[in-house]
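Residue numbers (the working numbering), protein chains in the order written: chain A, 10 to 336; chain B, 1018 to 1369.
Be a bit skeptical, because a hint or two may be false.
[Claimed, not checked] In silico lysine to aspartate or glutamate, EDC-like type, Cα no more than 20 Å apart, as pairs: (1) B:K1164 to A:D30; (2) B:K1362 to A:D257; (3) A:K265 to A:D295; (4) B:K1293 to B:D1321; (5) B:K1164 to A:E330; (6) A:K331 to A:E233; (7) A:K331 to A:E320; (8) B:K1056 to B:E1337; (9) B:K1164 to A:D31; (10) B:K1362 to A:D208; (11) A:K60 to B:E1165; (12) A:K60 to B:E1163; (13) A:K60 to B:D1257; (14) A:K276 to A:E330.
Think of the hints as simulated: they come from the structure by calculation, not from any bench.
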Amino acid sequence: MRTLTYREAIREGIDEELTRDDNVIVMGEEVAQYNGAYKVTEGLWNKWGDKRIVDTPISEAGFIGMGIGASMLGVRPVMELMFWSFHSVAFDQLVNNAACVRYMSGGLINCPIVVRGPANGGTNVGATHSHIPEGLFAAFPGLKVCAPATPADAKGLIKAAIRDNDPVYVMENTLLYGNKGEVPDPEDGDFVIPLGKADVKREGKDISLIAHGRSVLQALAAAETLKEEHGIDAEVLDLRSIRPLDVDAILATVAKTHRVVLVDESKPFGGVSAMISHLIQEHAFDELDAPIKRVCTIDAPSIYSPHIESEQLPNPKRIVEKVLTMF
Amino acid sequence: MSDLNFASSPINKSLSPERKIELFTQMVRIRRFEQASLKSYSSGKMGGFLHLYIGQESVAVGTISLGGADDHFITAYRDHGHALAVGMSMNECMAEMYGKQSGCSKGKGGSMHFFAPDKNFWGGHGIVGGQTPLGLGLGYGLKYLEKEGCCLCYLGDGSVNQGAFHESLNIASLFGIPVVYIIENNGYSMGTSQQRSSAYTGCLAQRAEAYAIEWDVINGSDIYEVRSKTHIAMERARKDHKPTVLEIETYRYYGHSVADANHKKYRTPEEITNYKDNHDPINVFRQKLMDEGVLTEEKAEEIDKSAKAEAADAVKFAEEAPAPTIADISTDVYWETDNDTDASKIGHHFFS
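Please build the complete structure, drawing on both the sequences and the hints.
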């Protein structure tokens, strides 16, 4: 199978949706003439022109609110946040207008927007640029959130997000953009991964590592060490989608291994993993042979120092150490 | 305030006597509806807030009367006047405030959140200034879809200091968006007067100059002036894809909301009386129509009586309508689950 980088996979997905539906447009800061701050949209402006690929000023509340308004008339904007960390200056639009307009209108309006961009730590850009808000937005009914870990998932999920008739917030990762992976050839058919479907990235029987986004790769690396050095066979479940959430897949892996470590780049208080921990104890308490443990980002604003930032984030070493406390 | 006679501008000259009576009737209906709402609210039959439009009727009626098939409207939380002016029924609006299933938003929105997309009315928004980027987006959508229309986006004088409004003005001018921002200046952002809340030279609309946007100030007590000047802005939007900021000087008789206990403290009784006696848009229009020979005392009485009766019927309808059920809490959250699509069957959407 052919390989693409994560950024190429997202671009290909967006390009295919631009082809499929005339109402799909791309908007954001530097997405057109500059070819994207992280080059995700490279070449799209050349191909599609000003009407479909739109550079906006640095004005997140303005252009995201504009996209929400346009979506009420049937335009389907795919809006790039250069960093998801910048959500804070557009928060009213993201959570009041996008998430609530359907509800408050008694179902008369829908808001088919996509907001996408990187949401991660690990690049030494300090606390203001390192927020990981998937748990935050998944906490608002009316919104959908996904966080792909691989190029194939990134392409499949961005396509599902664009086709969805509700607001979908896609959390990418700057450290994944250059990663290569197999992605099905478009000639072999339309490749869409539905929201709400988790994926077992590694089969195992002794413990379940449940993760999303880049933490999936950290969990896979940890699983190799656990196998080679400690004889522990870890299963890695990639959530892919945070809301809707594949609760059945979570409960299935717990029933299989009876031990769980949740790996989550969020901060510990109220993150995605806190919610999953609750779901497991509520629905699979009797399956557990040990308390649920978590490896999250160490609970402080994100540190700048390149010497230490990787230690603040979930990493294979911290995951292995946590798993070993459970045997 | 100028003494120009806007009744003779072409957009008003073209009004038939019947249409003039219709506009007058709409204004009276709004006032009677609001008075009925106040009565119900005061007797504890509604929840939340009640932001009354009384005194500002000429703005919604005058501007919305100019709308064609591709013109759209969006406003803030003082939205009852706009809702009735676009043609929503008193029944669905009153029932919404009563929190009933037959309300326009099924009892899920309340007083601040009326919507009627089939009538090009996109709310009804509770956060000050939060609707201004949405109005921009409606204009963007019209241009993208190649419709010759515009969006009238209303905001209060208190909204002009919100960042979202300034971001919207910049993009509206930069992108050439067919949107008309209408500042309904009733003098007070809640309990703080314009002088104590906004820095400005001349007027609030003049801020548009910083964004290279045309602007104008309108005497809101004269519906003819409202129509005449708004028409120019709408044509500029529809034909030239250029935004405008209009500031319509108006007044609200009641507080920011009915819960605003201080509304008689931050302004003088004389101020309110002066507006009622000399600038009330319904009285002004009524007098003009009488002078024109379009309206008689008897006809005006009949219109008023009928509006009162309609409002009373709406109260009765709302009181008798069924409340939403617990099951209703969980619908209208996601389009996909409401429509039972394949996508909605994958994964858990709700966590109760």
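Evaluation of the provided hints:
Of the supplied pair hints, the one linking B:K1164 and A:D30 holds, its CA atoms being roughly 18 Å apart against a limit of 20 Å. At roughly 12 Å between alpha-carbon atoms, B:K1362 and A:D257 fall within 20 Å of each other, so this suggested pair holds. Between the alpha carbons of A:K265 and A:D295 the distance comes to roughly 12 Å, so the proposed pair stays at or under 20 Å and holds. Of the pairs offered as hints, the one joining B:K1293 and B:D1321 holds, with about 17 Å between alpha carbons and a cut-off of 20 Å not exceeded.
Distance restraint check for B:K1164 and A:E330: the Cα-Cα separation of roughly 62 Å exceeds the 20 Å cut-off, and the hinted pair is therefore not satisfied. Distance restraint check for A:K331 and A:E233: the Cα-Cα separation of roughly 15 Å lies within the 20 Å cut-off, and the hinted pair is therefore satisfied. Restraint check for A:K331 and A:E320: the C-alpha separation of about 14 Å stays at or below 20 Å, so the hint holds. A distance of roughly 17 Å separates the Cα atoms of B:K1056 and B:E1337; the hinted pair therefore holds under the 20 Å criterion.
Taking the CA atoms of B:K1164 and A:D31, the gap is about 15 Å. The hint holds against a cut of 20 Å. Distance hint between B:K1362 and A:D208 is fulfilled; the C-alpha atoms sit about 17 Å from each other, no more than 20 Å. Among the hinted pairs, A:K60 with B:E1165 is consistent with the structure: their alpha-carbon atoms are about 17 Å apart, no more than 20 Å. Restraint check for A:K60 and B:E1163: satisfied, since their Cα atoms lie roughly 12 Å apart, inside the 20 Å limit.
The straight-line distance between the Cα atoms of A:K60 and B:D1257 is roughly 17 Å, inside the 20 Å bound, and the hint therefore holds. For the hint pairing A:K276 with A:E330, the CA-to-CA distance comes to about 19 Å; that is within 20 Å, so the pair holds.
Hint compliance for this structure: hint 5 alone is broken.
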